[in-house]
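Visitor: Chain by chain, the residues:
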Amino acid sequence: MRKVQNQPPGTILWGYWANTMCLSGAVCLLLSSLITFHSVFATVGTKDPGTDTYWKFSAPWALLSSIAIILIEYPISKRRPKGPRRREEERPYQLELRIVHLVYYSKVFRHYIARFVLYIVLVAPLVLSFPCLLSVIFVFFGSCLYFFAGIVKQEMWHPGWADKTQKVLKELAPPSQPPPRLQDTVVANPVAR
Amino acid sequence: MYSLKQLKFKFYAHGPKTIFLLIWLGLNIFLFAYDYYQYDTAAKYTYLRKIVKQGLPFARGSAACLNLNCALIVLCVCRNFLSVIHNSEYCPRVIRRLINHNLALHKLCAWSIVLHTIIHTLAHTFNVEFGVSFFKLEPIAAPDGTSNELEQANFVDKKDTVYTVLFGTVGGMTGVIIDVCLFLMVTSSIKIVRRSFFEVFWFTHHLFIVFFICLLCHASGQMIKSLEEPRCIVDSSGAEWCNYFCDNYIKIDAKVPDENLCANLKFKGPGYLNYSKSYWWVGVPLIIYAIDRIIRWTRRFNPAVVYKAIEHPGPCLELRMRKKGWKQQAGQYVFLQCSELSLFEWHPFTLTSAPEENYLSVHIRKSGDWTGALLKTVGKHSKAKTTKEGKNAELNFHVAVDGPYGTPSDDIFKYKTTVLIGAGVGVTPYASILKSVWYKLKSGNYNFGVNKIYFYWLCSDASVFGWFTSVIKEVVNELKELDCSNYLEVRPHLTRFNNDKDMMENVAMNMDSEEDAITSLPGVQTRFGRPNWFKDFVAIGQENEGNDIGVFFCGPAILSESLDKACSLANAELEEQNSNSMFFYNKENF
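The listed protein sequences correspond, in order, to chains A and B.
The opening residue of the first sequence carries number 1 in my numbering; numbering runs sequentially from there.
The opening residue of the second sequence carries number 1001 in my numbering; numbering runs sequentially from there.
These aren't lab readings, by the way, just hints derived from the structure by calculation.
Just so you know, not all the hints are guaranteed correct.
What the hints assert, rightly or not - Quick list of in silico lysine-lysine cross-link-like pairs, DSSO-like style, CA-CA up to 27 angstroms:
1) B:K1017 / B:K1416
2) B:K1158 / B:K1107
3) B:K1017 / B:K1158
4) B:K1053 / B:K1191
5) B:K1191 / A:K78
6) B:K1327 / B:K1159
7) B:K1324 / B:K1308
8) A:K153 / B:K1442
9) B:K1414 / B:K1191
10) B:K1277 / B:K1308
11) B:K1159 / A:K56
12) B:K1452 / B:K1324
13) B:K1159 / A:K153
14) A:K153 / A:K107
15) A:K56 / B:K1017
16) B:K1366 / B:K1414
17) A:K78 / B:K1159
18) B:K1050 / B:K1191
19) A:K56 / B:K1158
20) A:K153 / B:K1327
No experiment lies behind these values; they were computed from the predicted model shown.
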């Protein structure tokens, strides 16, 4: 599987768009869940005439799902730098989030297919909840794009700091091989001269 | 923090923009409040309000704001239309400066559309829920014992569910499509996606066609039913009698409908033309936009011929082209399309040729897949041509050119003193302007408006100076020959230093040389690090006492903010020194 930073230059990283879609979809879902808690959708008039008959399940489920998706999607993946000094795109304070470490070291949600499966499982039961329907469509679009990015384009999530740590460790490690020697050439030493 | 005096200058510099934004905000608030009030109090919606409660006025208030913003968002991207206004002789500087911010307004309108779409969708979610749930209510629970009238006034039928309303009606279905289109367009326009993968943004943004078609059809379902408009008659004594929503006539003073007087209430949809205001708002802007797109489309049938390609370090490629009937002003930009690479992709480039030259040229730096492919294609054509016809053979490679379009740089000749600041590849518009100045002076035209030009050239890497050294050097030398070197002061700055020993040695060796060691410009010395903008601006203000000084910048946004601030601070400082000089900040936007 090709990591994000190994993609050839100029390649569209679909995971980026999927990330934006899922995050904004989840924000909409959060809003929808709060509305579902509103008495209107359950108790208009008398004898429970609201259209969402199982709102006692869908409202908290939508709330928890949206929070879970936001937490997973907030940290954005590392971008393969195009130029020599390209700045990495990160959302504010994303490195301070514990979820970044959990997602990275769990090695599950780094894979976009895992995200696709999780989001489908989270939002599928909410299809029958009218106030959540549009948000469900939005998250569904995002997760389908994750599926495309994971299966077809073989992309995966990668945090920006992972490489930095590896680089530092690499720099500190002692050399394992002797330096290369130039053969058949005489190097003049300017200091000796 | 800004002092009061600095804030005054900040407001002066951004005054027109601020006033325009306040008008825009005021219009939004007014439209929302007006429609909200109308639907909240109008007697003809009395029965509908009993069903959907506050959802109706909220939905209509946000719809009014959506109409306004959908009209403005289209107008902001009518390039030819805006260009005509911008280039008009009668267009005042204030309006031109406003037009330069068209893309910022486009984004602002987009976010406003998002906000009002959320309000509108939420309000209708409540409306549909109330409408469908209404039939589940027991008759006894219906308010005022008017369940029959309420049933008539309801916009859904007894057998409807929320899903049939959402997917089985024109209003519901178009609403869902509009929301989905908007969601896709907005998520692909976020900076990180737009900057990284322009194609995704560009293609997704064309969902606006579906968006606007659905917007125009959205109200055609005529779902909101109101009571029929009252008919009025005047009796022999001159008193006016009206039939408020029923067959019985009551005196005009009785504005509130008396349900007891009304035997047969009549409900109806208002008719598309009476109800939907979208086509009034969006119709004309859409027609202007369509004409704009047709003009742009026809330009591909008059392509420019690339006759010369020059490679500069970077890698940077200069394309020189000829086009029939070509006219341009200094500092303008064009969109290029190469049919060999893509039929739909148009990319913006600043013109580096002067209006006085008989060709148009652009400098293209390799920074993405399209520019990389273009460099390869031009190289392939060039190789084939030179192999066939010899080294000096002219290329015959076609590219479509859309433009030229105006930029803030058009105003350069309207200030007596100008400060041009180009960072990295942002130097391109100024190459054209400096060449134009030279041509003007060469032709003996010394009264073209500008008395002095300060040209700041900021590069993070010494090799980047190579892109335009030849052009700038030529201009500096020619001005020297014409004895007009006081017109131009070049100030190159190398903002990053990478411990390059060769460069250090080179600088040390050429300390006394007339030519600069890094840029090889005569009589100029490259400075290391960023300029102290505030100090430099105050000094420029003192040197050019009493002049309006235009500061023109093309480069990264972070630097733009500090320049804007430096201009306000310098204005405040100059006022304290009783100087009449004043800085006006302008930034290139793409």
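Visitor: It remains to establish, for every hint, whether it holds in the given structure.
Guide: Checked hints:
Annotation: proposed proximity of K1017 of chain B to K1416 of chain B holds, straight-line Cα distance about 23 angstroms (limit 27 angstroms). The suggested pairing of K1158 of chain B with K1107 of chain B is violated, with an alpha-carbon distance near 43 angstroms, which exceeds 27 angstroms. Taking the CA atoms of K1017 of chain B and K1158 of chain B, the gap is about 52 angstroms. The hint is violated against a cut of 27 angstroms. Using a Cα cut-off of 27 angstroms, the hinted pair K1053 of chain B and K1191 of chain B is violated, with the two alpha carbons roughly 40 angstroms apart.
A distance of roughly 15 angstroms separates the Cα atoms of K1191 of chain B and K78 of chain A; the hinted pair therefore holds under the 27 angstroms criterion. A hinted pair counts as satisfied when its Cα atoms are at most 27 angstroms apart, and K1327 of chain B with K1159 of chain B does not qualify at roughly 65 angstroms. A C-alpha spacing of about 17 angstroms is found between K1324 of chain B and K1308 of chain B, which places the hinted pair at or below 27 angstroms, so the restraint holds. Taking the CA atoms of K153 of chain A and K1442 of chain B, the gap is about 58 angstroms. The hint is violated against a cut of 27 angstroms.
For the hint pairing K1414 of chain B with K1191 of chain B, the CA-to-CA distance comes to about 34 angstroms; that exceeds 27 angstroms, so the pair is violated. With a C-alpha separation of about 53 angstroms, the suggested pair K1277 of chain B and K1308 of chain B falls outside the 27 angstroms cut-off, and the hint is violated. The hinted pair formed by K1159 of chain B and K56 of chain A meets the criterion: a straight-line CA distance of about 25 angstroms does not exceed 27 angstroms. For the hint linking K1452 of chain B to K1324 of chain B, the alpha-carbon distance of about 34 angstroms lies beyond 27 angstroms, and the restraint is violated.
For a cut-off of 27 angstroms, the pair hint linking K1159 of chain B to K153 of chain A is broken: about 46 angstroms separates their Cα positions. A threshold of 27 angstroms between alpha carbons decides the hint, and for K153 of chain A with K107 of chain A the separation of about 19 angstroms falls inside it, so the pair holds. Only pairs whose Cα atoms come within 27 angstroms are accepted, and K56 of chain A paired with K1017 of chain B is rejected, the gap being roughly 49 angstroms. Of the supplied pair hints, the one linking K1366 of chain B and K1414 of chain B is violated, its CA atoms being roughly 34 angstroms apart against a limit of 27 angstroms.
This hinted pair does not check out: K78 of chain A and K1159 of chain B have alpha carbons roughly 52 angstroms apart, beyond 27 angstroms. The hinted pair formed by K1050 of chain B and K1191 of chain B fails the criterion: a straight-line CA distance of about 45 angstroms is larger than 27 angstroms. As the CA atoms of K56 of chain A and K1158 of chain B are separated by approximately 25 angstroms, the hinted pair is consistent with the 27 angstroms bound. Straight-line distance between C-alpha atoms of K153 of chain A and K1327 of chain B comes to about 45 angstroms, which puts the hinted pair past the 27 angstroms bound.
In the structure shown, a violation is registered for the earlier hints numbered 2, 3, 4, 6, 8, 9, 10, 12, 13, 15, 16, 17, 18 and 20, in ascending order.
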